[in-house]
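Q: Below, each chain spelled out in residue letters.
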Amino acid sequence: MVRIRNDYGSTFRSLLVLVGLAVSVLLAAIFLSLFLFSRPALLNNGLRFITGTEWNPVTGKFQALTFVVGTLLTSFIALAIATVLSFALAILLGYYFRTGALASVMKTAVELLAGIPSVVYGFIGLFFLVPIVRAFQLVLGMPPYGVGMLTASILLAFMILPYSASIGREMISLVPEDLKEAALSLGATPSEVVRKVSLPYARSGILGGVLLALGRALGETMAVTMVVGNSYNLTLNVLSPGNTMASLIANEFSEATGEVYLSSLIEIALLLFLVSSAINILGKLIIKRTSAAAQL
Amino acid sequence: MREVSLQRRLRGDKAFKAGTLALSLVATVPLTLILVFIVIRGASSINWQFLTALPKPVGESGGGIANALVGTVLLILIGSLISIPLGVSAGIFLAERGKTRLGSVTRLAVETLMGIPSIVLGIVAYVWVVRPMRGFSALSGGIALAMIMLPVITLATEETLLLIPVSLREAALALGVSYPRTVLRVVLPAGLSGILTGVLLAVARGAGESAPLLFTAFGNPYLTGNILKPMASLPLTIFNYATSPYPEWHALAWGASFVLLVFVLALNLLTKLVSAKWKVQF
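Residue numbers (the working numbering), protein chains in the order written: chain A, 2 to 297; chain B, 8 to 289.
It is worth saying that the hints were derived from the structure and are not from the lab. Computed from a predicted model, the values in this text were never measured in an experiment. Every residue gets a Cβ at the ideal spot worked out from N, C-alpha and C, and that includes glycine. Don't take every hint at face value.
[Stated by the list, open to error] Pair by pair, the computed Cβ-Cβ distance ranges are: (1) Leu280(B) <-> Glu55(A): 32 to 42 Å; (2) Leu286(A) <-> Val43(B): 22 to 32 Å; (3) Leu37(A) <-> Arg188(B): 42 to 52 Å; (4) Pro58(A) <-> Tyr253(B): 50 to 60 Å; (5) Ile51(A) <-> Val112(B): 26 to 36 Å; (6) Leu169(B) <-> Ile51(A): 53 to 63 Å; (7) Gly47(A) <-> Asn233(B): 41 to 51 Å.
[As the list claims (entries may be wrong)] In silico DSSO-like cross-links for lysine-lysine, where the CA-CA straight-line distance does not exceed 27 Å: (8) Lys108(A) <-> Lys284(B); (9) Lys236(B) <-> Lys181(A); (10) Lys197(A) <-> Lys236(B); (11) Lys285(A) <-> Lys197(A); (12) Lys197(A) <-> Lys62(A); (13) Lys108(A) <-> Lys21(B); (14) Lys62(A) <-> Lys181(A); (15) Lys197(A) <-> Lys21(B); (16) Lys106(B) <-> Lys285(A); (17) Lys108(A) <-> Lys181(A); (18) Lys108(A) <-> Lys285(A); (19) Lys108(A) <-> Lys279(B); (20) Lys181(A) <-> Lys24(B); (21) Lys181(A) <-> Lys197(A); (22) Lys289(A) <-> Lys108(A); (23) Lys279(B) <-> Lys63(B); (24) Lys197(A) <-> Lys289(A); (25) Lys289(A) <-> Lys106(B); (26) Lys24(B) <-> Lys108(A); (27) Lys289(A) <-> Lys279(B); (28) Lys285(A) <-> Lys279(B).
Given the sequences, and given the hints that come with them, work out the whole structure.
A: What follows is the structure, encoded as structure tokens:
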């Protein structure tokens, strides 16, 4: 009789499935922990959590609108700056210079931008950007804070730039050659090809990259904490100090005393988790669909 | 349609290209600025004592970052010990069984994990480890870093293994090599460079993180090897010194930034070298 050697095939397969299960459970556990630990705050704060502006641990009022607004304001200004710059980079590297020395130097420079630690950005921001903004405010006759939401936005813009730029570049270089050549042969100038053929074709993929960058901006902590000013007043004036959700957690979490206080900070983390995950998944979905369509 | 003269269109074309180039150059200014700033201010404070001494109290000159260097290495080590085995095997699972229902759920989980703000993962490590153990510890910091590193490693592993041609696997199976051996001894080694790239990127990312360590590893002015006690790390040291009002501490922060930046950028460049030199290609 032929003895079939046990090749551990089924054990191996079950182990793999187990690992996949473990990673999925990890994400579920992260969500559940955040939810369970923010329950006291959810019950205590109610809906006022996102509509009220009073954050006062002494009186037990935990209302986070100021920080939600700060996060949205800084993220969207940063996104606007980053999008303009990353469009330029994406067109330059995805259309004009797809290969060559300039292309590879610029590509590496932008990629390295993503590798620089957040805290180093904050440090540079504190000692380089803040004095510039302060001088600017003095000229305008405003209170010379230096720190503030605009300062944080400028810093954030460069931190999230690599994400939207690299995906934009990829999407623009995926535009089929025959479409571009067809437009050129009809007498379009190269810039007209970019604006009327490449960009419309790559539009949704670029949008996906912009969403990924937005997801980054929402959760960015250290650099923002260092230059945003950490104020507790709700304001839409971007030149004055503000605060963001992530930065509030960074400043107060290790010193939070009392169950509801700690739990309210975890509630902010839960909100941050839900919003940035949703934006991130949407962005990835759009990118996947676009690149799949482009490769057909 | 409105008639536009050819000359105007050609001028517009030139202006568009020039504008694109100019804005792209603006985008590369900060990297240059950061490098110049850090090198000029930071390199001067680097000496043997800086790397081997402990921080001194305010007012005394000198002092170093030995505690932060050792802390960062240990934290990364804990993070790697957890995230590399789990991350690589999850990557193998996605490459082998990615088309199943569990596979797509797992991929979604990994991609979501990638997008979670690091400070949120710090809170998770806090409620999982710091709270039950009633104290800040390097272990909790390492676990937070592991959750940040895991998705980077998993996605890099999956992406690489999917590039390995089916013929290689079929050849092994046809020779009677068992399925586990085929995956572990044939497919995995062929994709080693891609996996290594993922691991290096994950280490670079973990080394620069400070937000999740604020309330897990916490920081420690003394040198310690005990992973159940609070531990210093380079990014946290930079944060604490940079936001302090003392010029002596700012100098230490510039030096520490220089060390951190050199380490992180070297890892990033090494990654490019690894993937350029030993690229998976058939």
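Q: Given the hint that Lys289(A) pairs with Lys106(B), does the C-alpha gap stay at or below 27 Å?
A: With Cα atoms ~15 Å apart, Lys289(A) and Lys106(B) stay inside 27 Å; holds.
Q: Does the alpha-carbon distance linking Lys197(A) and Lys21(B) stay inside the 27 Å limit?
A: It holds: about 16 Å lies between the C-alpha atoms, which stays within 27 Å.
Q: Has the given pair, Lys108(A) with Lys181(A), been kept, meaning a C-alpha gap of at most 27 Å?
A: Between Lys108(A) and Lys181(A) the Cα gap is close to 23 Å, so the pair holds against 27 Å.
Q: For the pair supplied as a hint, Lys181(A) and Lys197(A), confirm whether the alpha-carbon distance does not exceed 27 Å.
A: holds (10 Å)
Q: Do the alpha carbons of Lys108(A) and Lys285(A) lie within 27 Å of each other, as the hint requires?
A: Measuring from Cα to Cα gives roughly 21 Å; hence the hint holds.
Q: Run the distance test for Lys62(A) versus Lys181(A): straight-line Cα separation, threshold 27 Å.
A: violated (59 Å)
Q: Assess, step by step, whether the Cα of Lys197(A) is no farther than 27 Å from the Cα of Lys289(A), and give holds or violated.
A: With a Cα-Cα distance of about 23 Å, the restraint between Lys197(A) and Lys289(A) holds, given a limit of 27 Å.
Q: Going straight from one Cα to the other, do Lys285(A) and Lys197(A) come out at no more than 27 Å?
A: holds (25 Å)
Q: Below or equal to 27 Å on CA atoms is what counts here, so check Lys285(A) against Lys279(B).
A: holds (24 Å)
Q: Are the Cα positions of Lys289(A) and Lys279(B) separated by 27 Å at most?
A: holds (24 Å)
Q: So if I understand the rule, the pair passes when the alpha-carbon distance is 27 Å or less; does Lys197(A) with Lys62(A) pass?
A: Since the Cα atoms of Lys197(A) and Lys62(A) sit roughly 53 Å apart, the hinted pair is violated (cutoff 27 Å).
Q: Does the alpha-carbon distance linking Lys108(A) and Lys279(B) stay inside the 27 Å limit?
A: holds (12 Å)
The structure fails hints 1, 2, 4, 6, 9, 10, 12, 14, 23 (numbered hints given earlier, in ascending order).
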